[in-house]
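Asks: Listed here are the chains, written in short residue letters.
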Amino acid sequence: MSGAKFVVLLLIAAAAVFAAAWSIGNAYVFFAGYVVLQYIALATAWNILGGYTGYVNFGTAAFFALGAYTTVVLHKLTSLPLPIMMPIGGIVAGIVGLGTGYLTLRLRGAFFSIATLALAVVLQTLITNWDFVGGSRGAYIVRPAKAWLFDMDYINYLFLLMLALVVIVLATARAIERSRLGYGFATIRDDEVAAEASGVPTLRLKLLATTLSGAFMGMAGAPLPYYVTYLDPASGFSLAYAVNGVAMPLVGGTSSWLGPVIGAILLGTLQQVATVTISSALNLLIVGLMLVGFVIVAPNGILGLFQPRAKRAPA
Amino acid sequence: MEMSLDLLGNAVVSGLLLGGFYAAVTIGVSISFGMLDIVNIAHPAFIILGSYIAYIGNTVFGIDPILTSVIALPAFYLLGMAVYQIYYLAFERRGQEALRGLAFFFGLLFITEVTLVLVFGVDYRLVDAPYIGASLHLGAVDLPLRLLVPCLVALVLIGGLQAFMTRTFIGRAILAVSQDQLALRLMGANPIRIKRIAFAISIATASLAGAVLIVIQPVEPSIGRDYIGRVFAICVLGGMGSFPGTLVAAMTLGIVESLTATFYGPSWAPAVAFGFLLITLAVRPAGIFGR
Amino acid sequence: MTTDALLEVSDLGKRFGGFVALDAIELIVRNGERVGLIGPNGSGKSTLVNCMCGTMRHEMGSVRFAGQDLDGLSAHERTRLGIARSFQLPRPFNTLSLAENLRIPLLYAVNTRRGTHLTAHAIGERCSELLHMVGLADKATDLPRDLTQIEMRKLELARAMAAAPRLLIADEAMAGLSHTEVDDILALLIRLNEQGVTIILIEHIMRAVMHFSQRLVVLVAGRKIADGDPADVVRDQDVVKAYLGE
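Protein chains in written order, with numbering that gives the first Met the number 0: chain A, 0 to 314; chain B, 0 to 290; chain C, 0 to 245.
Bound-form chain A, shown alone (with noise of 0.2 Å):
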């Protein structure tokens, strides 16, 4: 199927999603379905980087992080609708992922791993003594009660944009798979002195999957702030973005795009389950304990455990 083709299909799932949740009628579905929509965004994105190139990002908090904050400042700053935000914010994000590549991905890929998690200590201590953005004591952020769009109600629009960038992100995951970028990733993956040696700019491969995927994060993060209303760095550097950014791929599988799709529907439908039922502690202790169990024992993810032993082997 060609990229055109899926780009349709996928814009005609969106509308129907879309669809399916306003025919429901309820503000919780709304709700509850951009916190999914998000982490498919941040999954997907997340496996750009770890999935098609191997190198393991740790701080996905971080450039979610960036992305949410950078709506904090132009919302006090400017009048800028929130479809502009998100590129701002994925583009902060993008240059602070490139710095970091820059910094780290001549070295072996642990150091860029360690790295990342060292990055999101750092901007949460920068960003909680950052008054100009409330520091500790947090941000808020009043959400208008209807969006300029056919006047619906604000949290359905936020729905929509992340649906849109949902829409936007799987696309780009899907061409850059079948693409001679993708075939690139995966020798990076596979073996990357084979690849140099096979005429494979590795460092150059490298640091535009880190780019893409901090920008697609930052972009998850910037409506957050209308989201929530009230932003502290403890929920935008939240645990949970970080935990769920490496197990949703590894759960769902990372050999293709649909892998980061399921883990991020399965994982996120179980949290928002939880949450309501037990304390959210205990469900983010849930998914650490799946992301280890899924490691050890399927490290293919659910994926991996449907496809025969094909030409595609573990990713």
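A hint or two may mislead.
[Claimed, not checked] Heads up, incomplete: computed chain A residues facing chain B, CB under 8 Å, no partners named: (1) 109; (2) 121; (3) 249; (4) 273; (5) 277; (6) 288; (7) 291; (8) 297; (9) 301; (10) 303.
[To be verified] Partial pick of chain A residues on the chain B-facing surface, computed with a CB cut under 7 Å: (11) 103; (12) 245; (13) 264; (14) 280; (15) 298.
[Said to hold, decoys possible] Now the in silico label distances, taken between C-beta atoms and shown as ranges: (16) 36(B) - 205(C): 15 to 25 Å; (17) 159(B) - 16(C): 24 to 34 Å; (18) 167(A) - 163(B): 49 to 59 Å; (19) 107(A) - 174(C): 26 to 36 Å; (20) 149(C) - 107(A): 26 to 36 Å; (21) 59(C) - 107(A): 17 to 27 Å; (22) 149(C) - 155(B): 49 to 59 Å; (23) 127(B) - 281(A): 26 to 36 Å.
None of these hints come from the bench; they were simulated from the model. Backbone N, C-alpha and C define an ideal beta-carbon position, used for all residues, glycine too.
Add chains B and C to chain A, keeping to what the hints say.
Replies: Leaving out everything else, chains B and C in the frame of chain A:
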């Protein structure tokens, strides 16, 4: 910002003492990452676990925290053996360390933190011991005992490990396995068993490091993440498996952090460690003493 | 007559800590030559290849290719310039099929050269052609983990050939091959050479080396101890003592 010599002197001394503590925290990673090439990013989680066990020993049983950690050493040793065994069977043997092994340790880090939150909550916990709060005064310089005692414990730990590594058969086998596994096999030793022992030792050090941590500062579950950057920066700067190198690097970081905290405020400490890490990686991945 | 040197290695030195792996290596390979490189295991042959190809950095000396100093160029840039090598221990891309393994150099080395643009169809054809040349045509959709060691070496060679190099370095590509298979690969390499590819053959199989080489270079303990006509080199006392034995 007054640059008084007294202030400077005290900052440097605090930094040195803090550095000794950082060395104790890092020594486990010097073994697991520096020598065995296992990227155990969960090491700080084991340290925090050690802190809480010291806390329980102290508040429930009234035992000195450092003594508690010594009592807990065998349990940590066994835990380390179990963790390595899983890591080896699931990842090292299959060649999957780079992505999945790393994710495994991240999962452990995460599970430990969340479990501690569930059991103890997010409040800061501290311990009570006769040397916390008192200070030695040497002229213009203060030596807070809560920093001095951990530093001394750290030096004893590192000195002991160095002696173990160079003088016992197992210790030398560990050094050998870090350099040439094939040669070790030809000598009749089983490299997997040696690595398991080494990894278990590295986790055992976390017990002591944790006790020493909660003596120095109050502890809550998320503190572990602050230490990841520090620990790997010190390990790399110290030349990966070199214990003397780790000590020097740790003290360097301790002094820089202490000076920053004294003159710019304590909240910048993680940023200092991160900056250290980046500079180390960018400039000198072989470290000061390294290979 | 101008020197037709394609590859000029001058005073190349490489250390690993205190261990001297390569010591002041001088080597000139002329356009169109067939050079054999022999020496005991651990003598530095693969290290030399790594330094020439940019996989490793050397501390001393220089490498020039087609008149251009390669200092500072990464491995992939050198491959795009026209140097390709097979690895002594095969390093296939394990999640890609054999045909896909061969696509990589076609996509990233060949197609990036000025004036070259292979269509997807042409790439597919070239992959089939290359697999056929090394006798792996029926395994095009298999994964490397399904191959025997010998087949993996053939894949290594095919992948190096896929980069359409001006200089091909084959590092022990024939290890473990049967008598006829050795002949097949030899014939393949000679054909390649006739089409204009300069080849450095690193091998232990003396029959193949003698048949193939126009010039023979011997490396022992990081030093070049002989360089010249194969018949003369194999009679050289130092070479006999260090490598050939009786």
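Asks: Against each hint, give a clear statement of whether it holds in the structure.
Replies: How the hints compare with the structure:
no.	hint	result
1	109	4 Å, holds
2	121	4 Å, holds
3	249	6 Å, holds
4	273	13 Å, violated
5	277	11 Å, violated
6	288	6 Å, holds
7	291	4 Å, holds
8	297	10 Å, violated
9	301	15 Å, violated
10	303	12 Å, violated
11	103	6 Å, holds
12	245	6 Å, holds
13	264	20 Å, violated
14	280	5 Å, holds
15	298	5 Å, holds
16	36(B) - 205(C): 15 to 25 Å	39 Å, violated
17	159(B) - 16(C): 24 to 34 Å	28 Å, holds
18	167(A) - 163(B): 49 to 59 Å	56 Å, holds
19	107(A) - 174(C): 26 to 36 Å	29 Å, holds
20	149(C) - 107(A): 26 to 36 Å	31 Å, holds
21	59(C) - 107(A): 17 to 27 Å	26 Å, holds
22	149(C) - 155(B): 49 to 59 Å	57 Å, holds
23	127(B) - 281(A): 26 to 36 Å	31 Å, holds
Hints 4, 5, 8, 9, 10, 13, 16 from the earlier list are contradicted by this structure; the remaining hints agree with it.
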